[in-house]
Amino acid sequence: KAGVTQTPRYLIKTRGQQVTLSCSPISGHRSVSWYQQTPGQGLQFLFEYFSETQRNKGNFPGRFSGRQFSNSRSEMNVSTLELGDSALYLCASSSDTNNSPLHFGNGTRLTVT
Amino acid sequence: EDKVVQSPLSLVVHEGDTVTLNCSYEVTNFRSLLWYKQEKKAPTFLFMLTSSGIEKKSGRLSSILDKKELFSILNITATQTGDSAIYLCAVGNNNAGNMLTFGGGTRLMVKP
Numbered sequence: 014k015a016g017v018t019q020t021p022r023y024l025i026k027t028r029g030q031q032v033t034l035s036c037s038p039i040s041g042h043r044s045v046s047w048y049q050q051t052p053g054q055g056l057q058f059l060f061e062y063f064s065e066t067q068r069n070k071g072n073f074p075g076r077f078s079g080r081q082f083s084n085s086r087s088e089m090n091v092s093t094l095e096l097g098d099s100a101l102y103l104c105a106s107s108s109d110t111n112n113s114p115l116h117f118g119n120g121t122r123l124t125v126t
Numbered sequence: 028e029d030k031v032v033q034s035p036l037s038l039v040v041h042e043g044d045t046v047t048l049n050c051s052y053e054v055t056n057f058r059s060l061l062w063y064k065q066e067k068k069a070p071t072f073l074f075m076l077t078s079s080g081i082e083k084k085s086g087r088l089s090s091i092l093d094k095k096e097l098f099s100i101l102n103i104t105a106t107q108t109g110d111s112a113i114y115l116c117a118v119g120n121n122n123a124g125n126m127l128t129f130g131g132g133t134r135l136m137v138k139p
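If you read the protein sequences in the order shown, they are chains A and B.
Here the first sequence is numbered in the numbering used here, starting from 14 and rising by one per residue.
Here the second sequence is numbered in the numbering used here, starting from 28 and rising by one per residue.
Note that these hints are calculated values from the structure, not bench results.
What you are looking at is a predicted structure, and each value in this text was computed from that prediction instead of being measured.
Virtual Cβ for every residue (Gly too), placed ideally from N, Cα, C.
Wrong hints could be hidden among the right ones.
What the hints assert, rightly or not - No more than 30 Å apart at the CA atoms, straight line, and that leaves these computed lysine-lysine pairs for DSSO-like:
| hint | chain 1 | residue 1 | chain 2 | residue 2 |
| --- | --- | --- | --- | --- |
| 1 | A | K70 | B | K94 |
| 2 | B | K68 | B | K83 |
| 3 | B | K64 | B | K138 |
| 4 | B | K84 | B | K138 |
| 5 | B | K67 | A | K26 |
| 6 | B | K95 | A | K70 |
| 7 | B | K95 | B | K83 |
| 8 | B | K64 | B | K30 |
| 9 | B | K94 | B | K83 |
| 10 | B | K64 | B | K83 |
| 11 | B | K138 | B | K83 |
| 12 | B | K68 | B | K30 |
| 13 | B | K138 | B | K67 |
| 14 | B | K84 | B | K64 |
| 15 | B | K94 | B | K84 |
| 16 | B | K30 | B | K94 |
| 17 | A | K70 | B | K67 |
| 18 | B | K68 | A | K26 |
| 19 | B | K67 | B | K30 |
| 20 | B | K94 | B | K64 |
| 21 | B | K68 | A | K70 |
| 22 | B | K30 | A | K70 |
| 23 | B | K84 | B | K68 |
| 24 | A | K70 | B | K64 |
What the hints assert, rightly or not - Sample of chain B residues lacking proximity to chain A, with all beta carbon distances greater than 10 Å (derived):
| hint | residue |
| --- | --- |
| 25 | P35 |
| 26 | D44 |
| 27 | T45 |
| 28 | T47 |
| 29 | V54 |
| 30 | I81 |
| 31 | R87 |
| 32 | I91 |
| 33 | F98 |
| 34 | Q107 |
| 35 | S111 |
| 36 | M136 |
Unchecked claim - Computed from the model, here is a short list of chain A residues facing chain B with C-beta under 8 Å:
| hint | residue |
| --- | --- |
| 37 | S44 |
| 38 | S46 |
| 39 | G55 |
| 40 | F58 |
Build the full structure now, drawing on both the sequences and the hints.
Below, the structure written as structure tokens:
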């Protein structure tokens, strides 16, 4: 079974630009979550989507948004990029059965210059 | 607000040593506690614990949860250089879907 796939692996953007990251969950998984990982703050929850609906949202500004498609694939978008948005963005999927763990992708490394 | 604290922050041991990593937590409506290993990119799932006192074991790794004292430990016996990684502890909340709150991690280095 293929794991969680994230594209692209690396991105370099300039302040003020916007970026879209993509995530394909494990086949059959309908829950997709996004996390930001930085050396200073660790892993922080951005949002979770289930059946195309945002189920939970973390404490990030409105510049961070996401969506989920009918095939469970998800995208997240960051607009008006800031230097502090440089991070590893991790996507995780879950089967959402009772107490099933999250399985993470390899992430997208975003560098904002 | 849910909170997870891991200790120590970092640890250097030699191959063959046994290590114990600690995780304490505060959560409003406990669902589960999970351990992950992160080497380069993707955190890989190790254990999920939901009940106190039941040890989960996988090879040289084991973990146990104490829901009364709100902590968990991850033990690694006979460490190998391949165990070098960041070990992450996270808690799930019944009020928050699949959202996990992560601790800052313990960086383990195993020297030959």
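Here's how the hints hold up against the structure:
1. A/K70 to B/K94: holds (27 Å)
2. B/K68 to B/K83: Roughly 25 Å separates the two Cα atoms, so the pair holds.
3. B/K64 to B/K138: holds (18 Å)
4. B/K84 to B/K138: Satisfied, since the Cα-Cα distance of roughly 24 Å is no more than 30 Å.
5. B/K67 to A/K26: Holds - the C-alpha atoms of A/K26 and B/K67 are around 22 Å apart, at most 30 Å.
6. B/K95 to A/K70: holds (29 Å)
7. B/K95 to B/K83: holds (18 Å)
8. B/K64 to B/K30: Answer holds: B/K64 to B/K30 is near 19 Å, not above 30 Å.
9. B/K94 to B/K83: OK: B/K94 and B/K83 at ~15 Å, within 30 Å.
10. B/K64 to B/K83: holds (15 Å)
11. B/K138 to B/K83: Holds, because 26 Å separates the two Cα atoms, which is no more than 30 Å.
12. B/K68 to B/K30: holds (23 Å)
13. B/K138 to B/K67: Measuring from Cα to Cα gives roughly 18 Å; hence the hint holds.
14. B/K84 to B/K64: Between B/K84 and B/K64 the Cα gap is close to 15 Å, so the pair holds against 30 Å.
15. B/K94 to B/K84: Status holds; Cα separation ~18 Å.
16. B/K30 to B/K94: Holds, at roughly 14 Å.
17. A/K70 to B/K67: Holds. A/K70 to B/K67 sits at ~26 Å (cutoff 30 Å).
18. B/K68 to A/K26: holds (20 Å)
19. B/K67 to B/K30: Distance of about 25 Å is within 30 Å: holds.
20. B/K94 to B/K64: holds (22 Å)
21. B/K68 to A/K70: The hint holds at about 23 Å.
22. B/K30 to A/K70: The given pair, whose Cα atoms are some 17 Å apart, holds under the 30 Å limit.
23. B/K84 to B/K68: holds (24 Å)
24. A/K70 to B/K64: This hinted pair holds, its Cα atoms lying about 25 Å apart.
25. P35: B/P35 clear of chain A: closest Cβ-Cβ about 15 Å, beyond 10 Å.
26. D44: holds (26 Å)
27. T45: It holds; B/T45 is separated from chain A by about 25 Å at its closest Cβ, greater than 10 Å.
28. T47: With a cut-off of 10 Å, B/T47 remains clear of chain A, as the shortest Cβ separation is near 21 Å.
29. V54: holds (14 Å)
30. I81: Consistent with the label, B/I81 stays out of reach of chain A, its closest Cβ about 14 Å off (over 10 Å).
31. R87: Correct as stated: the minimum Cβ-Cβ distance to chain A is 20 Å, above 10 Å.
32. I91: Its Cβ never comes within 10 Å of chain A, the nearest being 17 Å, so this holds.
33. F98: Holds: least Cβ distance 18 Å, greater than 10 Å.
34. Q107: Consistent with the label, B/Q107 stays out of reach of chain A, its closest Cβ about 23 Å off (over 10 Å).
35. S111: holds (18 Å)
36. M136: holds (17 Å)
37. S44: holds (5 Å)
38. S46: holds (6 Å)
39. G55: holds (5 Å)
40. F58: holds (5 Å)
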